[in-house]
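Protein chains: 2
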Amino acid sequence: MMALVLPLGSVPAPMYSTLLTHVLIFLCIFSALCLSSDHEIHPLDSLTASELTQVQTIVNNSICSTSCQSLSFHYVGLHEPDKPIVLSWLSDKDSTKVPPRQAFVLARINFKNHELIVDLNASAIISNKVHDGHGYPLLNFAEQSAANRLPLTYAPFIASIKKRGLKLEEVICQSFTIGWFGEQKTKRIVREMCYYLDGTINLYMRPIEGITLTVDLDEMKIIGYRDRLIVPVPKAEGTDYREVKQKQPVSSPIKPITMLQPHGPSFNIEGHVVSWADWKFHLDFDMRVGPILSLASIYDLEKDESRSVMYRGFISELFVPYMDLTEEWYYRTYFDSGEYGFGLCAAPLLPSSDCPENAVFFDGYSMSQDGTPRKLPNIICIFERYAGDILWRHTEGAIPGKVFTEVRPEVSLIVRMVSAVGNYDYIVDWEFRQTGTIKVNIGLTGLLEVRAEAYTYKDQIGEEVYGTLLAENTLGSYHDHFLNFHLDLDVDNPANSFVKTKLQTTAVMDKRSPRRSYWTVVSETSKTESDARINLGSGAAELLVVNPNKKTEMGNYVGYRLLPGSVVNTLLSDDDYPEVRAGFTKYNVWVTPYNKSEKWAGGTYADQSRGDDNLAVWSLRNREIENKDIVIWYTLGFHHVPYQEDFPVMPTINNGFELRPTNFFEHNPVLKVKQLAKVKWLKCCKECRHNLTADIDPLA
Amino acid sequence: MMALVLPLGSVPAPMYSTLLTHVLIFLCIFSALCLSSDHEIHPLDSLTASELTQVQTIVNNSICSTSCQSLSFHYVGLHEPDKPIVLSWLSDKDSTKVPPRQAFVLARINFKNHELIVDLNASAIISNKVHDGHGYPLLNFAEQSAANRLPLTYAPFIASIKKRGLKLEEVICQSFTIGWFGEQKTKRIVREMCYYLDGTINLYMRPIEGITLTVDLDEMKIIGYRDRLIVPVPKAEGTDYREVKQKQPVSSPIKPITMLQPHGPSFNIEGHVVSWADWKFHLDFDMRVGPILSLASIYDLEKDESRSVMYRGFISELFVPYMDLTEEWYYRTYFDSGEYGFGLCAAPLLPSSDCPENAVFFDGYSMSQDGTPRKLPNIICIFERYAGDILWRHTEGAIPGKVFTEVRPEVSLIVRMVSAVGNYDYIVDWEFRQTGTIKVNIGLTGLLEVRAEAYTYKDQIGEEVYGTLLAENTLGSYHDHFLNFHLDLDVDNPANSFVKTKLQTTAVMDKRSPRRSYWTVVSETSKTESDARINLGSGAAELLVVNPNKKTEMGNYVGYRLLPGSVVNTLLSDDDYPEVRAGFTKYNVWVTPYNKSEKWAGGTYADQSRGDDNLAVWSLRNREIENKDIVIWYTLGFHHVPYQEDFPVMPTINNGFELRPTNFFEHNPVLKVKQLAKVKWLKCCKECRHNLTADIDPLA
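Chains A and B, in that order, are what the protein sequence lines are. Residues in the first sequence are numbered consecutively from 1, following UniProt numbering. Residues in the second sequence are numbered consecutively from 1, following UniProt numbering.
Simulated from the structure, these hints should not be mistaken for lab results. Wrong hints could be hidden among the right ones.
No distinction is drawn between identical chains; accordingly, a pair holds when it is met within one copy or between any pair of copies.
As the list claims (entries may be wrong) - For lysine-lysine, the following BS3-like pairs were computed, each having C-alpha atoms within a straight-line distance of at most 25 Å:
(1) 255 - 678
(2) 527 - 129
(3) 502 - 596
(4) 458 - 167
(5) 235 - 163
(6) 245 - 163
(7) 550 - 167
(8) 527 - 596
(9) 129 - 511
(10) 458 - 500
(11) 678 - 247
(12) 674 - 596
(13) 586 - 551
(14) 303 - 187
(15) 586 - 502
(16) 93 - 247
(17) 439 - 672
(18) 221 - 187
(19) 550 - 245
(20) 247 - 402
(21) 245 - 402
(22) 628 - 245
(23) 247 - 83
(24) 551 - 235
(25) 674 - 303
Start from the sequences, fold in the hints, and give me the full structure.
Okay, here's the thing in structure tokens:
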């Protein structure tokens, strides 16, 4: 969820009048198109604030009028209409009615997990299912806050703090999900991990180790407490990352540099539909998964038609296992999406810092524990990027007496969200390129999860510490990040096949050539799900999604291919509990037939899940996937061995992948892209341009 | 080689007065620093035009005064002083004299391969060695041009052209190196492959197949001719990539977008030494390898000292094997650096297209066949990039009632060269980041090498064709690109060790934890060269270069690590001739002890080499590499299965790697980087800013 609101409501924080000018330009450009909130509703539009309020009212009235001992909301999102309905609406908007608006709700009602489908047109709950399987829904903010306050009034904890010589008022606790390690019975519990401020805002660098504090979220009380050992709390000095707190000397500043678009952006936004260059897609926000890109299609100049590429793409789950076996750490195997809400943790983006000056910003909505809509301002930005890259070029010097050079600079469109899930900040970029490529880049920054230990120098360490000594008493724990992407490609229609093309060495034994070897391509179409589970890194291959019902004029199947970035595979053993729960990490690529209910690779109830309802299990059915509406699930990973450079805040590290047209177009789709028009300064500007000045705007 | 000349001589082609204003700003900024050609000479400066002339004179006088039946220059470059001499000069410039200027020359004298060392101070050849081993030096342009003209007056070829119904005046021939396939005796020969224009400048899409034409370069005559079969020449229609040739409809234009730096760049150039942010490095150009980056060091704010990172980094060789066994194709296994000269093929960069508007340009020098210096204008550009990326960030929401957000946008410095080796254009970017990371990105664009065949539709193909049908009669041949990088890291001094850190799964059998597995790191220091030959892709590992004589305050060895991008390994068999010649492709990583003579991974005489003097052979000595001055050789690859989108000109594809500080700094070196100062418009500009206009400048 929720409704994207337009730039009017999300104009960047107090800024220069110059930026206002900018915004005014945007307003001029967009006003006719998108500033009306009464744009035609799109079947995939997230729920609006008023729709969310309606959901709250309907649920309250239906549930609480009868037996509402306790009701808390954990997820509300659009219950999407069936895909054929959306596609038929898309192909004939005029005569097709927008399907009924429905919400999907995960709620705890009287301490049971309920899945509700709320029909907004009918103002009624049309489905109310109790989940009696394992696992629990996402945690909401209110219960985490309540749990985080419990230790501060809990006598044994107060004693522990006193024993350590710390000030209680400087202690901050956080709720940590606890995974599952074979327990027969579970309760809805979290562990509280507490940190120390006292001279820094970088609490994550000051863990108060040795304490295990367990909270029952349903009862909202502490049900377990153990103070195992006292470890020095790492010092505050050197941990605060705020600019105002930095002492001299500081780095020499870089002179101002900005992306300038004097005529405004080349994209267009109507409702939630973004058009740029030949691309068109629907953009929305969901409190669980963050940005959702739907119905991405590209206009084919030669064929004069818009061609579908992707029905829906989003991050279906994130798995972050730590590799530290100590008593207070072993359980840290987070599902950032299914436990904490990747969208729920979206950070408001700072204009001119998180996104360049030419960006526009969007709001989203989540909801409070009681179902009240909560506005998340400026959580998505869109901008065009020109990074000085080259789309294509050639210098031809073979023709005597002549040299021809043709160059096209590359401009692309970025859709960005940042999710700050506790200590980590994930930067999610969906990049649309003129070539037809969709590139996803994930940036990891923010703060490490560190463990305090007595050590102040590496040579003192004589035991296994599961991490790198980053600073005095500070161990940066080894860990992974795995992000699974749900990529429902519809290459020129939903019926597609997955083709693995191996690059295979052939030995030349028969003297037919002076060569002794070469490679050729061997293509295999995956018949069923098991054929398409792939671990990359073992042998060269190209991974294609083709439309087996459509060929190019040359007779090649039209397709797109998945190009992985750095390949990272899980290192956990198959029988380890976290691995069973996050089964999607076992392969880099999975292909399933489309099934509306299979959205979240870690399962709907990720918190304390047991791996009995996730992608790995769905895929065991080994369904047919040839010439079907298929979904690609790509697992992108990071192994993170921390180094001292990651302290006290981490420089961004990146990994990503691409979806690239592959015999999709008859020829290079950017052959006819024009030179980039150049900025020409009018007289007034020319005269004063070199007098431009700059000012520091700390924004902090 | 050669001397970098400064922007004065290389001001972008005829442009707007606005750009002139820009240039004038640059001039103001740089004039004091770098526009004097009499900057202090640096021992690693390439040879200047006048030094090249001196080399020519000395060689001519010495050689031709005695027995100069024939003399041709094939390579002239700086004969670098010994590393200790350069380092001692660097550490004490005032009292150390710049070592004598010397040139290294590869020349053919009376049809023999000579290696000359010319001392410019002594005005004498101080070493003249005849190479009586296998292989030949780089081809020069003059002999290629002469060879390319031969077919056009050769009666059998004229008859072949006539037989095909083609016009001789539209035929263009190119010299193709022929590799080595076990022949006992070799001559200095090339094959001529001819193409057809007639309505396009994209000759590479119009091969005239079926003819094998062999030229002896020493005798400069055709010594072999065979017209095996007639194949239709693919049509011209749809192949021309010039903007002026494109028919309607064309892609909708992107509105102007530019990188603006009203105060000019933040870098500084003195002679060949570039300073930016905390980086300082020497930049030069060599006609064989292209850009050379030397003595890269970074200023450590906390330690208040400049610390060495890399002594010298450059592309040591490129290997491009095709996978087509047909008689006219099997030999295509090019060494683009050692055969054609990667620097020699540098393309003049188009301002505002190849590099953004805020770039500055440099010239280089190569030489003609007779040794006369030849200026290569605008072949390197430098610019700062702001692509909207985030250096680091964090949003802290854990502290009740407060939200802190700190964000630092990322600005980096790019050094770019483009080498157009025949049909292919290689974009080489060396990116310096504020974090201490050096990132190399290679972009491949330009034109495919295609083979003509009778087929016009895929289903007609009933034999192995070694490629993809891209257009009528046009097969895009499967091939690879392997680039080997010579990376002489000197992490805080030359004595370094190579450490492979494996991420290793440990099973938990002993109930010490509810977990059943985790991973930890196991580090191995490579003792000898054989320990450090690594094929990536099999198991997770971190590849570090550490200084074993220096620790951080925490006790970690200071280091840098190599982060590969997409891992690509050779698919040729070990015994195949091209693989033996390009032995450096057998591993992604090699480590050798520094040896001044080991520069070019494919050997000095790459043309028709037999693999007896290259990196793979040097490494067989299995020298000690622990705590030594070591060189890392990284092989970056691309497998290229062409698709229709690559026709008639290829969208850029990218691969790269990073060198990243790893416990090199005590903590995050960009913690104290300030917010990017924002552009503030003066009144005059504010008023007219939204009136800025744009014009198309086709530049073509």
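Hint-by-hint comparison with the structure:
Proximity of residue 255 and residue 678 under a CA criterion of 25 Å is satisfied in both settings, with 22 Å inside one chain copy and 9 Å between copies. Proximity of residue 527 and residue 129 under a CA criterion of 25 Å is satisfied in neither setting, with 34 Å inside one chain copy and 64 Å between copies. Within a single copy, residue 502 and residue 596 get their C-alpha atoms no closer than 31 Å, and across copies no closer than 41 Å, so neither meets the 25 Å cut-off. Proximity of residue 458 and residue 167 under a CA criterion of 25 Å is satisfied in neither setting, with 29 Å inside one chain copy and 76 Å between copies.
Taking the shortest Cα distances, residue 235 and residue 163 sit within 25 Å of each other inside one copy (17 Å), while across copies they are farther apart (86 Å). For a Cα distance limit of 25 Å, the shortest separation of residue 245 from residue 163 qualifies neither inside one copy, at 30 Å, nor across copies, at 81 Å. Taking identical chains as interchangeable, the C-alpha atoms of residue 550 and residue 167 are never at most 25 Å apart, the minima being 69 Å within one chain and 39 Å between chains. Only within a single protomer do residue 527 and residue 596 lie at most 25 Å apart by alpha-carbon distance; the minimum there is 21 Å, versus 56 Å between protomers.
With identical chains, the CA atoms of residue 129 and residue 511 are never at most 25 Å apart, being 70 Å at best within one copy and 39 Å at best between copies. Taking CA atoms no more than 25 Å apart as the test, residue 458 paired with residue 500 passes between copies only; the shortest distance there is 19 Å, against 47 Å inside one copy. Taking the closest pair of Cα atoms, residue 678 and residue 247 come within 25 Å of each other only across two copies (22 Å); inside a single copy the shortest separation is 42 Å, beyond that limit. Taking CA atoms no more than 25 Å apart as the test, residue 674 paired with residue 596 passes in neither setting, with 41 Å inside one copy and 47 Å between copies.
For the homomeric pair residue 586 and residue 551, neither the shortest alpha-carbon distance inside one copy (34 Å) nor that between copies (38 Å) is at most 25 Å. For the homomeric pair residue 303 and residue 187, neither the shortest alpha-carbon distance inside one copy (58 Å) nor that between copies (52 Å) is at most 25 Å. In the homo-oligomer, the alpha carbons of residue 586 and residue 502 lie at most 25 Å apart both inside one protomer (21 Å) and across protomers (19 Å), since each shortest distance falls under that limit. In this homomeric assembly, residue 93 and residue 247 never come within 25 Å of each other (Cα to Cα): the closest approach is 61 Å inside a single copy and 33 Å across copies.
Taking identical chains as interchangeable, the C-alpha atoms of residue 439 and residue 672 lie at most 25 Å apart only when both belong to the same chain, with a minimum of 21 Å there against 31 Å between chains. Taking identical chains as interchangeable, the C-alpha atoms of residue 221 and residue 187 lie at most 25 Å apart only when both belong to the same chain, with a minimum of 12 Å there against 88 Å between chains. Taking the shortest Cα distances, residue 550 and residue 245 never come within 25 Å of each other, neither inside one copy (61 Å) nor across copies (30 Å). Only between protomers do residue 247 and residue 402 lie at most 25 Å apart by alpha-carbon distance; the minimum there is 23 Å, versus 59 Å within a single protomer.
Within a single copy, residue 245 and residue 402 get their C-alpha atoms only as close as 60 Å, which misses the 25 Å cut-off; across copies the closest is 17 Å, which meets it. Neither within a single protomer nor between protomers do residue 628 and residue 245 lie at most 25 Å apart by alpha-carbon distance, with minima of 57 Å and 41 Å respectively. Taking the closest pair of Cα atoms, residue 247 and residue 83 never come within 25 Å of each other, the shortest separation being 57 Å inside a single copy and 38 Å across copies. Proximity of residue 551 to residue 235 under the C-alpha cut-off of 25 Å is restricted to the inter-copy arrangement: shortest distance 21 Å between copies versus 65 Å within a copy.
Only within a single protomer do residue 674 and residue 303 lie at most 25 Å apart by alpha-carbon distance; the minimum there is 19 Å, versus 50 Å between protomers.
The structure does not agree with the numbered hints 2, 3, 4, 6, 7, 9, 12, 13, 14, 16, 19, 22, 23 stated previously, though it agrees with the rest.
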